[in-house]
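Turn these sequences into a full structure, and let the hints guide you.
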Amino acid sequence: MNKTMTNEIERFDLSARVQHVIMFTTFLLLSFTGWGLKYAYQEPASAWIRFWGGAKMAGIIHRVAGITMLIDFIYHQFYLLNLARKRDLSLSLVPMPKDVVDFFHNMMYFFGLRKEKPYFGKFNYMQKFDYWAVYWGMFIIGTSGFFLAFPVLISNLFPTWTLQWVWDVLFTMHSDEALLAIVFILIFHFYNEHLKPDVFPMNWMWLTGKMSMEQLKHHHPAEYDRMTGKGKK
Amino acid sequence: MRSWLNIVILLLVFMHVPIPAVVAATDSAVCLGCHGAMEGAAKVDQALYSKSVHGAFDCVNCHVSPKGAQHQGLTSGKADKAVADLAAQIAQKSTKDPIAQASCTGCHPEAYETYKKSVHGQNVIVKRSSDGPVCTNCHGSPHLIQPKTSKDSQVNHFNVVKSCGVCHEEKVMAEKYGFSPLVMERYIESFHGRKLKIGHAGAPSCVNCHGSHDIKSRKDPASTVSGENKIKTCGQCHSGANAKFVAAITHQPLHPIAHWSELGLIVLTMSVFAFICMHVLLDIFADIRDRLFRKGGSHE
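As given, the protein sequences belong to chains H and B, one line each in that order. The opening position of the first sequence corresponds to residue 1 in my numbering, with each subsequent residue numbered one higher. The opening position of the second sequence corresponds to residue 1 in my numbering, with each subsequent residue numbered one higher.
Please note that a few of the clues may not be correct.
Sample of chain B residues at the chain H side, in silico, Cβ under 8 Å [claimed, not checked]:
1. 200
2. 257
3. 258
A short list of chain B residues far from chain H (calculated; beta carbon distances all over 10 Å) [claimed, not checked]:
4. 48
5. 147
6. 213
7. 250
8. 252
FYI, nobody ran anything at the bench for these hints, they're computed from the structure. By construction, the Cβ of each residue, glycine as well, lies at the ideal position given by its N, Cα and C atoms.
Below, the structure is given as structure tokens:
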């Protein structure tokens with residue numbers, strides 16, 4: 001790690017960047033088409049669905065995008081395994097007790113009780129939240145979506161006494177958690193990676209994968225210190 | 001070739017329409033002279049009537065002998081016995097002109113025979129109830145009737161749910177006849193209902209599963225949605241449907257487990273929503289504060 005200091009460091013390799021592009025493309029397609037069905041009784045829904053080529057086409061887009069996202073997600077697990085095999089897997093995204101401390105420090109900073117921003121590591125707690133939200137989404141929305149796509153097959157998996165409510169639960173899981181995911185991306189992710197004055201109009205890292213050392217020092221001081229060998233302040 | 005075929009079909013269609021024995025001394029223009037200009041229930045909109053599938057008919061084809069002195073001489077004679085008998089049976093339901101209502105059966109005998117055996121027909125004709133639909137309740141006023149394929153038809157694939165809802169939404173009806181009080185609501189919320197609403201031609205409306213003229217009570221073993229029949233009915237679209245699969249749709253009120261898990265998910269969504277909004281807002285305010293009062297402050 002203590003090679004000659006460069007101006008930039010790579011945070012996301014090409015594979016990770018491609019995975020992200022597939023993830024957000026399918027996410028948007030799923031949101032757009034699913035929205036029409038969730039709010040079918042709100043007036044613009046029918047016109048919106050016509051824009052996507054009608055209900056049947058919207059359904060096909062939704063399924064294809066869903067399966068693509070699922071493959072992307074599974075691919076990511078192999079990507080992580082591969083990194084682990086190469087002993088290159090850093091655990092920098094694993095939630096740690098320090099994240100709780102950082103959260104409280106950040107709150108104190110927001111309220112003016114601390115002068116310094118938290119001593120963030122490679123990924124701060126908001127970014128970890130972003131990352132793990134995908135797992136939550138894949139678990140809740142992906143599973144229920146998969147079940148809803150194959151109702152005949154899946155009904156055999158459930159015991160008879162659950163059948164009066166399980167489909168309602170699956171439907172709610174799918175549609176309410178999708179709403180949560182959309183709201184989360186629209187507010188939290190968009191603010192942090194697009195609207196924040198520091199990064200407006202967007203954080204270019206999704207394309208370049210690179211961050212300047214200057215930025216790193218400012219936003220991820222712990223990681224900067226670790227890389228430059230300074231250790232803890 | 002094509003036009004020949006059309007002419008043959010037209011001839012067949014016209015030959016099928018029994019023309020009243022006594023040729024009417026009057027055509028619809030005479031009646032519409034008054035009724036076209038009237039207000040309220042007696043009004044017949046001439047433009048809409050002539051565009052309806054029955055627009056070429058004389059009024060007296062159905063309104064065989066209108067009552068009242070003002071209609072003197074405006075008649076096509078006496079209704080035939082079958083129509084008159086049926087009119088007497090449905091008088092409870094069809095109060096305005098039961099003869100006119102019963103006249104539908106003259107040209108649509110198959111629909112009538114099927115309907116007569118249905119739960120609706122039995123209720124109206126045999127039990128002489130004022131509940132349950134006669135032709136015009138579902139198809140709309142015969143003066144405006146459009147082919148089923150028209151989007152203006154009340155029984156069009158995309159409109160029929162609303163037509164069924166007129167009665168099946170009613171709590172009183174649900175209690176009286178023992179169907180789920182939330183049958184409409186639960187259908188409307190379902191995937192089937194939503195897909196139909198956004199224009200999916202393949203999504204089932206009420207009649208795709210329950211039938212229309214031949215509809216039976218769910219408790220009747222002959223119903224398309226009772227017992228083994230339900231498996232066959234669902235299987236029309238969902239190949240491989242079995243007893244476990246068809247248990248999914250009952251139109252019964254939401255099960256408590258589903259209700260509470262829905263509530264739990266809403267609470268979760270709202271809490272995350274509140275949390276991230278708060279976080280973003282605090283972030284913005286802290287940033288503004290830094291830029292105004294801590295120039296350079298925590299920035300390098």
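Checked hints:
no.	hint	result
1	200	holds, 4 Å
2	257	holds, 5 Å
3	258	holds, 4 Å
4	48	holds, 25 Å
5	147	holds, 22 Å
6	213	holds, 27 Å
7	250	violated, 7 Å
8	252	violated, 7 Å
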